[in-house]
Amino acid sequence: MSTASFAAELENLAVIRRFAEETAQSLQANQAAIDDMLQAVDEAVTNIIVHGYAGRPGTIEVRVKRAGDSLIVRLRDQAPRFDPTTVPPPDLTLPLEKRRPGGLGVHLIRQFVDQVHYHTAPQGGNELTLVKKAF
Amino acid sequence: MNISASQAQGRVPVTILSIQGDLDGSNYQDLIAKAQELCQAGTRRLILDMTDLRFMSSSGIVALHSIALLMRGDQPPDPAQGWAAFHAVARDSAELQQHVKLLNPQPRVDRALEVAGLTFFEIHTDLATAVASF
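Sequences listed follow chains A and B, in order. Residues in the first sequence are numbered consecutively from 21, following the working numbering. Residues in the second sequence are numbered consecutively from 1248, following the working numbering.
Hints were generated in silico from the structure; no laboratory data involved. All values derive from a computational prediction rather than experimental measurement. Each residue gets a CB set at the ideal place from its N, CA and C atoms; glycine is no exception. Incorrect hints may appear among the rest.
[What the hints assert, rightly or not] Quick list of the computed label-pair ranges, beta carbon to beta carbon:
1) A:106 with B:1375: 45 to 51 Å
2) A:38 with B:1258: 41 to 47 Å
3) A:31 with B:1345: 31 to 37 Å
4) A:153 with B:1298: 28 to 34 Å
5) A:27 with B:1287: 34 to 40 Å
6) A:74 with B:1252: 32 to 38 Å
7) B:1298 with A:143: 42 to 48 Å
8) B:1374 with A:52: 23 to 29 Å
9) A:86 with B:1376: 24 to 30 Å
Here chain B stands alone, though its shape is the one from the complex:
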C-alpha cells in the first residue's frame, strides 16, 4: 500500500489522502499513523481517495473509524475492540462524516463497505464535488 497526501482549498482547507494498493491487516496501522501525523499538523477535514485502492479488509474498516475519530479530535480506539469499533462507527456516523468523506471506491471496495454496513459514509465520484461538500 502507498499513501500520499495533498491539499485542496474549498470553502475550507481539505486534505486528500490517496490510498493505492491493498489495505489489510498488515498495513492498516500505517494508514492510521499517517492520519495521526496529518491531525497533529492541523488537518480536520479529510477526503480518502480510494480510486486506486484494490482491496480492503475489516482491518480497513477499523482504520476508517479510527481516522474519522482522529479528525473529530478524539483518540482512535483499540483495534482489538472489533465489534465495538464497528458499531461505534454507525452510532457516530452523522458527526464523523462531517470530517471524513470517501472518493471513488472501486466496485470490490464498495462491496466490502456495503457488506460491512458502512453505507453511511458520504461517497463522491468527483474530487471537486468532494472538496466543495465540506
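Just chain A, same shape as in the assembly:
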C-alpha cells in the first residue's frame, strides 16, 4: 500500500497516473488491469480538479493498495460534496438537446473499473474508491 498527496492541478495528472501505475506494478497487478485503472483514475481526478475544486487550490490524496484479487485506488479531496455514483447513466434514447451536459468522465469510470464507491471522508470532503480485479 502506498499513499501520496498532490496539488489539485491539471499539470499533476501525469504525475498522479505515474504514482498509481508504479505502485500497482510494485504490487504485481496485471498490466491490462492497471491500464484500465489509470483511465478511471485520470477521469476521476480530472473531475475533482475541474468540477470539484473548480479553480480553487486544494489537494488530492491518492492511496493504492491490494485487497484479495483486486487493485484499489482511493481518492480523497476537500472539494464541495460530489457523489459521482449518483450520476445517472446516459439515456441514449433522448434527443441530443435533452441530454444533460457532462457525465462523460463518470460514464468512462464505470466502464473501466468493476466497482465505484463514494463516501464522505471521516475528516470531511469526498472519498472515492475504485476497484478493479487485477490479480
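Given the coordinates of chain A, assemble chain B onto it according to the supplied hints.
Just chain B now, kept in the frame of chain A:
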C-alpha cells in the same frame, strides 16, 4: 505531450499530425490549438499519427471531435458540453471521418477509443495507406 506536423501528397494534400506522450486534461487544448493553426493555413485533411501516443483520456476524445469539426470547416464545441460533444461525434461520424483519420493507435489508446465508443474513426496501421485513403 509533443506535437509535430508534416505534409504528404496522395491524390490530395494531407497533413500528418504526430502526437507523442500523454493526451489528457492538461494539454488537450494545445492539440486543438495546433489543429486550428493548421486549419487557418488551409489544412482540411488530417492524419492523427498515434504511434507514440501513450495515454488518452476523455479530454482527448473531446479534442478528436473538435479537430474533426475544424477540418470540416465548423467551429469546435465548448469542451464543457461533455456528452453532447461525445454523441455529436457519432451523429456526424460519416462526414467527419472524411476529414480526419487515425494512424496506428497503440493498445492502451485503442482500448480507450473502444470503451468510449469511438470505433467509427477510420484507423490505419500504415502511413502510405492512410494517405492514399483520402
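Each hint, compared with the structure:
no. : hint                          : verdict
1   : A:106 with B:1375: 45 to 51 Å : holds (50 Å)
2   : A:38 with B:1258: 41 to 47 Å  : holds (43 Å)
3   : A:31 with B:1345: 31 to 37 Å  : holds (36 Å)
4   : A:153 with B:1298: 28 to 34 Å : holds (30 Å)
5   : A:27 with B:1287: 34 to 40 Å  : holds (35 Å)
6   : A:74 with B:1252: 32 to 38 Å  : holds (34 Å)
7   : B:1298 with A:143: 42 to 48 Å : holds (45 Å)
8   : B:1374 with A:52: 23 to 29 Å  : holds (28 Å)
9   : A:86 with B:1376: 24 to 30 Å  : violated (44 Å)
Checked against the numbered hints given earlier, the structure breaks only hint 9 and satisfies all the rest.
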